[in-house]
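Position chains L and H against the provided structure of chain F, taking the given hints into account.
The listed protein sequences correspond, in order, to chains F, L and H.
Numbering of the first sequence is given in the working numbering, commencing with residue 1 and proceeding in unit increments.
Numbering of the second sequence is given in the working numbering, commencing with residue 1 and proceeding in unit increments.
Numbering of the third sequence is given in the working numbering, commencing with residue 1 and proceeding in unit increments.
Any given hint could be a false lead.
Claimed, not checked - Derived coverage of chain L by chain F (criterion: at least 3 residues anywhere in the stretch with Cβ under 8 Å from a Cβ of chain F; other residues may be distant): (1) 164-177; (2) 210-218.
To be verified - Pairwise CB distance ranges, derived in the manner of DEER restraints: (3) H:A245 / F:K430: 15 to 23 Å; (4) H:E192 / F:P155: 40 to 48 Å; (5) L:E247 / H:E223: 19 to 27 Å; (6) H:A162 / L:E19: 39 to 47 Å; (7) H:A162 / F:G446: 33 to 41 Å.
To be verified - Below, computed lysine-lysine pairings styled on DSBU-like, alpha-carbon distance capped at 35 Å: (8) F:K420 / H:K295; (9) H:K295 / L:K154; (10) F:K349 / F:K413; (11) L:K205 / H:K109.
To be clear, the hints were calculated from the coordinates, so they are not data collected in a lab.
The structure presented is a predicted model; accordingly, all values stated were derived computationally and were not measured.
Idealized CB from N, CA, C, for every residue including glycine.
Each chain, written out:
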Amino acid sequence: MEPALIPPAHVTFLGIPGAFFSVLIPVVGVALFTYIMAKRLAPMVLAAPDFRFDRVKDRVAAVIKLWLGQFKQPRYRTAGILHIMIFAGFIILSLRSISLVIIGVSPDFHLPGMAGGPGHVYNILKDYAATMVFIACAIAAYRRAIVKPARYAVPEKYGHDHTGEAIFVLGLICTLLISESLFEATAVVGNIQAGLPVEALAPLTLAWLFKLMLSGAGTGALQGLHTAGYFVHDLTFFFFLCFLPLGKHFHVITSIFNVYFMKLDRGAVKPVRHGVSEDKLDELESFGVKKFEDFTWKHMLDFYSCADCGRCSDQCPANAVGRPLSPRFISIKARDYAFGHYPLRGPFKSGEPLIGGIYTEDEIWSCTTCGACEEECPVTIEYINKMVDLRRGMVDEGNVPQSLQKPLAALEKRGNPYGKMEKKRAEWVKALAKEGGPEVKVFDGGDTAETLYFVDSVTSYDDRIQEIGKATARALSAAGVDYGILGSLEKDSGNEVRRFGEEMLFVELKEQNTEAIFESGAKRIVTADPHAFNTLRKDYKGLPPVEHISQFLSRAIAEGRIKLKAGEGEGNGEGAVYTYHDPCYLGRHNLLYDAPRQVLDAIPGLKRVEMTRCKDRSFCCGGGGLYLFYEPIEDRRMGQVRVEMAAEAGASVIVTACPFCLVNIEDGIKTSGMEGKITAIDLVELVCRHMDVAN
Amino acid sequence: MEILVCVKRVPDTSENEIEINSSGSDIQRDDLVYSVNEWDNYAVEEAIQIRDNVGGSVTVVTVGDDDAEEVLRREMAMGADKGVLLKDDAFEGSDGRGVAAIIKGEVEKGNYDLILTGAQADDGAGQVGGMLAAMLDMPFASLVNRIDVVDDKKINVGREIAGGNQEMNEMSLPCVLSIQTGINEPRYVGIRGIRKVASVEIPVKGAADLGVDAAVIGAANARVKRLDYFVPPAGEGAEMLEGGVDEIIEKLIDMLKSKGGIK
Amino acid sequence: MARQIFAYILHKDGVADDTALELVEAARRLDASAPVTALVLGTGADLDKVCQEVAATYKEVWKVDNAALSYPNAEVVRKVLVNLIPKGAIALVPHEHFGMDLSPGLSIKLDAAYAPDVVDISALEGDKLTLVRQEYSGQVSTHVACDLSAGAVITIRAGAFAPDESRSAGGTVTDKSPDAGDAGVAGRKFLEIIEAEVGDVDITKSEVLVSVGRGIEDQDNLEMINDLAKAMGADVSCSRPIVDAKWLEKARQVGTSGQTVKPKVYLALGISGSFQHMGGIKGNPFIVAVNKNAKAPIFQAADVGVVADILEFVPELAEKIAEMK
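Same shape as in the complex, but just chain F (with noise of 0.2 Å):
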């Protein structure tokens, strides 16, 4: 059955039919895609090497979760809402695209299996798609130039608008819906009129809209709307397939394998190189990003695949306390300094550096690897990762700021950033036995036991965070633990080291305390202190099984091995109300969120509050180790924010889990004038509070 107008793969122009079109089309939009790809794939094939070719389920199930499912997607409700709404719609409508590129050449052309019952479906939720999608682009392109949210402000520092090209795409795609439904709908209309029998359309759709409007017309123009909605259909499409890749729209096609290659491992750093042990690091040239082409391959499909969204830069603490760093324009730059030097047309320019070129060394240093950016990308672009490596070619390079030289040059030599003799690493146990505390097994004199406590440089020097060692003491041997520390044998872990670039630095201390540690006999290790649990898990190779105290405390006090009661008077926690900061490297880097709240709740009569950014949003408090030494340029200090972000959930009392927390929060308190009004105490020195020892 002929219908009544013409297809057109069938109509003429100037003689020419209309299949040559429709052949020419996407073969030249193909071409120039292929042209394009090829081009942005260049500075791919120099990049370093990444092996991320391992664990295709976890991987085909990130895919599942966070691409095809959009799960970081409703973090930002509007805005994620809307892209689930063109998210679904485009997968929906691809298979329409593709059987259009077909139609216009042969007119019958139907997927296979969508003939006849499924293809009548097809053709109703696709109809629906494309509304749903006119619908959700209209909402975004008002929400782009009227609403205008904060976070897609673009910084003068940073470069122009981004507004246009947002809103010039989201005219492309409304482009393609409205040409679509056009060419149903005169299809359609033309039927009828010819007294064809025809498929019904969707009610409310944009083509019955259209079907609608047209149904008076006469049949010449419903056959010049039809071939033009066909035609623009096509050039449009394959303009737009050859325009995402020369901006933020790239990610429509690259998004789903950034997400396949996805860093897994939370907490972990990449290796100097994928592919160099270390035992082989000394023979590497150069270590680091220095240049563009030092980034890995897939570090350079993030910066492809960023789409602007500015959650990340939203999230970031860095950037709220007015550092120098948005991690949105981290991608950006390095997307545009791709674009720029791997032109599509002229010869490719390569080996600038990168600091003093994009990126200004402030900008590198500001970032607290809280891994806040990572939490909340949709598409799970890495940070981390990009700033050790950056800083690692810094760190080559001998530059470093001079307020960080002493604590790594004090923990080469003394193995903690304090300069402080080793020997005096454990004088905070004689300290504990005076006050009456238990005696604490030190392996460096001989003693050997069961449970290794890694107390880590700051518990072990500091005066203040020094009371975290003596509480935990107090609650392991409560808890009847067999348990000691390693004394002078024990080293800086070296999360910190790590992640500011001195590897070497870190392998060093690394080896030491690995061989301590096998050396104590010890069967499991339990620390305090989560960036020393963070390393010690994600870092370190072989060593025992690693806890963290509140899992620990969990546990005792689950099985009834540390028991627990309310808190008389004032000053013991009567009347306060409790709050709990997550500690970027227990929460976000190793998933441990309940095992202190499950520790909190089970003090009786504990009245405790959540902070509106908490869990897996929980706000830096300024960063651990290293950081403390650091002078960053800033409006504010994330300790402050964070503390009045507790006084905002009615908290009298920040808990925290991390030494550094303490240190930061504390310091925040002071800085904030909130004095006697909020106090901040680490979870185990509140469970010793706490403790039942009577029974």
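Same frame as chain F, now just chains L and H:
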């Protein structure tokens, strides 16, 4: 420009108290770590920056024992081109004049335009640079906190003087300068940098190689000798306020008031 | 032959430096029987003024007037001194930026021993002089034997010897200009002085100073120091590390490389008390030191000391003072 920088290995005492051994003959060295003298490190950085700007080479030299080699390597990892260790049993116990005479031997073997030392060392007296210059009859400036190279015959040199002021001088080359901290921001040297230069050969030169006048070196010829170490007697010292914080503050406020410290 | 001692007199704008009064005491402690001659180099009316002033303290004053000496260029001064100072004599020079420039080279040219930065003199037996020096930023002291047989150049730390304020010498001024020889052309030419940027406060005129050192740990903590200074009606000054960290401007730095201050009350917070810092404090103020290290040298120099962490102590002190007012 050919630059020689004199460096010294010293105990790193920044964060730990220095204690004296029981006989008072030396400080307690068991738990000490050593590093390059801080001032010398600035001097090496300055030399490297000058070389990078105008060309030439940087040689670091030290008078010491085998352990002293470690600081040469560190400075070479920073970017110095060569290291020279001046070592001889005859050097032991030399005073400042002796050390200057030893280094003079090395200077005369080379063809240096600029010789830098640190302005002082934690365990030293800030003397070798000035002595060396006098022995070589070269111009000298101490406490240098700025160097501007004018041409291959002349440099302009800033000195740190009182009041935070800077005294600018024009110096003809070759000359000797002692470098004050803060003149630059020395670059970081990590383990990796040191490993890279670990196998570079460092020539060792003795008294005979240098042609040093035996009459000024060694303990026997030292005119200035350290006899012992001691902790200075407490003297009168301050009246220490003790007790609770409130009590201390109360006493302190009374004192400040009576002395006109609170307006 | 009697031992001869020479004291090099620093002066500026026609006024002798305080160290002139200290060197005469150091000379006396060294060898009370030795004649002491003041060496005053310079030019013009200012030089005469200084010579007159110095003659009140030194029995003998040698004056050298030469236009080349209008600014003390160590190289020029050295040439003059080598011509004036006889073999075997002892030259005392203040240990500061000029003394450090001059003295090591002078000792070589005189072929004399060199003992720098001396804080005390213990004994003299024959030609063996025992001196006291400090090492490791004053954490430990050493006795040093100095062989005087070929003469010596000794630099004296400012403030280490009590000034002789008697001004009873009634000395004579001898013009030694003809003996000084040709000052000649030097390989080093003085160009200019670049003045430090002047801050908003002139701490050299402050009566009460709240001075902060390394113990402040972090720039943000300066707020509490400002609060305290405000409560006391004092100005804020600091030690060198604070300026090096660029937390306060150079004009607020007290010390030999910073400002010389003469307050009535000096509150040293978290300052260890290096001699370079103490060298900038004149006029014998009432010094209060707060430091968490009980062994900090500042407690030797202070009148009153408190062992406490300034980060905890200062806010409480400021609060109490503010309350009281």
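query: Quick check: which numbered hints come out false for this structure?
result: When the structure is compared with the hints, numbers 1, 2, 3, 6, 7, 9 and 10 turn out to be violated.
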